[in-house]
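**Student:** Residues per chain, in single letters:
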Amino acid sequence: MAARAMWKGIVTVGRQKLPVKLYAAIVDKKVHFHLLHDKDEARVEQRLVDGESGEAVESSELRKGYEISPGHFVVLEGAELAALEPEPSRDIEVTRFVPGGAIHHQWFDRAYWLGPDGDVKGYFALVAALANSGREGVARWVMRKRPYVGALRVEGDHLALIALRHVEEVVLPSDLSAPAARDVNAKERALAEQLVDALADHFDPTEYEDTYRKRVEELVAAKAKGKRPRLVRPKAKRATESLERALQASLAKTSKNGTSKNGTSKNETSKKAHAQAKERKAS
Amino acid sequence: MARSTKPHRHASASKTDADAPRARSFWSGTITFGLVSIPVDLYAASRAGRPGLRLLGPSGMPVERRYACSTEGVEVPFEHLVRGYEVARDEHVVVSDEELEALAPEMSRDIDLTRFVPVAEIDPMLFERAYFLAPSGATAKAYRLLADVMERQERAGIATFVMRGKQYLVAILAEGGILRAETLRFADEVRTAEDVGLPEPAKVSAAEVKKLERTIAAHAEKALDPDELEDPWTEKLVALAEKKRKQGKDVIEVPAEARGEEMAEVIDLMAVLKQSLASGGARREGAGRGAGPRRAAAKRAPAARSRRGAGARKATGSRRA
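Those sequence lines, one after another, are chains A and B.
In terms of the numbering used here, the first sequence opens at residue 51 and continues consecutively.
In terms of the numbering used here, the second sequence opens at residue 57 and continues consecutively.
If you're looking for bench data, these hints aren't it; they were derived computationally from the structure.
Glycine included, every Cβ here is placed at the ideal spot set by N, Cα and C.
Mixed in with the good hints there might be a few duds.
Here's a subset of chain A near chain B, in silico, CB distances under 8 Å, partners left out [as the list claims (entries may be wrong)]:
no.: 1; residue: 75
no.: 2; residue: 101
no.: 3; residue: 113
no.: 4; residue: 125
no.: 5; residue: 129
no.: 6; residue: 174
no.: 7; residue: 182
no.: 8; residue: 256
no.: 9; residue: 263
no.: 10; residue: 279
Using the sequences plus the hints, can you model the full thing?
**Tutor:** Given below as C-alpha cells:
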C-alpha cells in the first residue's frame, strides 16, 4: 500500500523544476516506557514551576526568553517570534552539488524519500543525472515553518532527502585530539591487522534485528502474570593485560572457527561463501 | 527535528534521558574484538546549538520541569520515579533497570565487534546519532591500535548492544585516532522505496538527462561549506535579542545563585570530551596530549552505496561509470 505523502514541494535545480512528494523514510520501533510514580504506579505528568516561587505556572503565564549572556534574558513576544519564521515556500532549492561522501556522516539527521508528483519522466531523469554525476545535492527548503538543509541523494533507483544537522550541533573528530598512547609495536599492529581482516565482511542491515525488544515484551508479559524474573548480574570485563597475547589467541580462535581449506584463509573463504550466498539470494 | 538535540525524541521514555546532563558519559562498557577488551565511556557527539528559547515564569525566572503524579497531583521526586511498560490503556508493568540489564547482560556491557565492514557500504539513511568513545582503562594502547587499523582499512566494526533499556545497532568508526559509535537504525525502522510506494523506474529522455548533468556540473563544489549548515532562524533570533538588549527593552536579570538547575547543566561538551580523551591512558603512560587533530577529510570514504534491493546494485554500476 502506498504511503501518504507528508509534504509536497518542488525541487529546483538551476532553472529546472520538478514537483515531488515527500515521505518519511523512518519509522520508530524502539521500546518505549512511561515514567510512573512508584507508590501507586500512576503515570506522572510534567509540570512547569516558577524558578523563584516554585509554584505551578499556567501556560497562559509563560513567556519566552533568550539568554543573551549568563543571567540576562531578553523576553520575546509571540508576534516578534512569528516575524522570524521563514516565508512559507514549496521550493526545495538545490544550491550546489558535492562529491558523494563529502558530507560527513555526523551531519546526517532524518531521511525522507522523494517521489514524483506528476512528472515521472522528469523525476527519473534527475535520478539518472545525479547517479551519473556521482554527486549529491545540497538542498534548502522550508517545511512546517522550519528551515532545513539536506542532502539530495540517489538511493537505489529513487531520490532521498536527508536532513542535515546545524553546524553548532555537531562535534567532529577533527575538533578533538586522539588519546595519547605509547607506540604500538609492529608485531601488535600486524596481529591486529590480521584480526580485523579475519573478521572482515560485507554490511547487510537486514541481518540484524532488535532481539532485545522481544525480550522486554516477554519480561513484561511474564511480570503481568505475576512471575518474578531471575536477575543475572552482568560482569564488567577487565582491560586486556597483554595485548599481543590476546591478539594472538583471538587469531588462533578465529582460524579454528573458520572453514580453512586448501590453504585459503578463513577470510577469503568466508568472503567467497558470502558472495555465493548473495548470488543465490539474487537469482 | 533538525533543531532538536535531545538525546532521544521521547524524553519522557526514561528518567535518565530527561534528567542527565548532556555531556556526562552516557554509557560505560567494553569494546571487544576477538579476545581484546577495551573499556570505554560513551559521550554524545552532538550538543545543543546556541542556547534556544527558554520558558520564563511570572517572576521572570526560567521555569523548572517537575513531575507530578497524575492521580494524586503531588510532586514526585526523582528517586520515586520508575519505568513502566504500557500493557493496556493506563495499565503498566513496572520494570527496573536491573531487570532490563539482566535480560541481556553481555549486550548491556559489551560492544562485541564480530564483523568489520567497508565504511562506504553503510547507507547514510541508517545513521541515527553519534557518540564518541573515550578509553576508560589504564592504558589507551589497545584503543589506539584498533582505531588506527580500522582507519587504515577504511572499515567499521558492527555490533549490537543495549543501552538504557534499548538495543542499538551500532557502527564503530575510527577517524583521526578517535573511535566513535554511530547508532544505526534497524532495517525494519527504515521504509524502502517499495514500502512507500514509489513508482518503478520509467524511461527517460537522454537529452533531458544530459541537460540536468550540465546543470549539476555548473553547480559543483568540492566540499560542503559548513556555513551552509548555519541555522538562519537562530541567527535572526540572536540578532533580535541583541537589538532589544541594546535598547534596554524587556531585559530580565537573574541573579547567578538563583539560576535554575537546568542552567547548571549546560556543560561545555567539547571540554568534557577533550578531558576524557586526554585522561584515558594518561594515568599510567604519563604521555602528554594527543598527537593533535589529524584531518581525515582527505581520505574520507567514497560515496556510500545503497545496498537496498536489487535496484540498488544496478544503479551503483552506472554511478561508478
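**Student:** Confirm or reject each hint.
**Tutor:** Do the hints match the structure? See the list:
{"no.": "1", "hint": "75", "in the structure": "holds (5 Å)"}
{"no.": "2", "hint": "101", "in the structure": "holds (3 Å)"}
{"no.": "3", "hint": "113", "in the structure": "holds (5 Å)"}
{"no.": "4", "hint": "125", "in the structure": "holds (4 Å)"}
{"no.": "5", "hint": "129", "in the structure": "violated (12 Å)"}
{"no.": "6", "hint": "174", "in the structure": "holds (5 Å)"}
{"no.": "7", "hint": "182", "in the structure": "holds (6 Å)"}
{"no.": "8", "hint": "256", "in the structure": "holds (5 Å)"}
{"no.": "9", "hint": "263", "in the structure": "holds (7 Å)"}
{"no.": "10", "hint": "279", "in the structure": "holds (6 Å)"}
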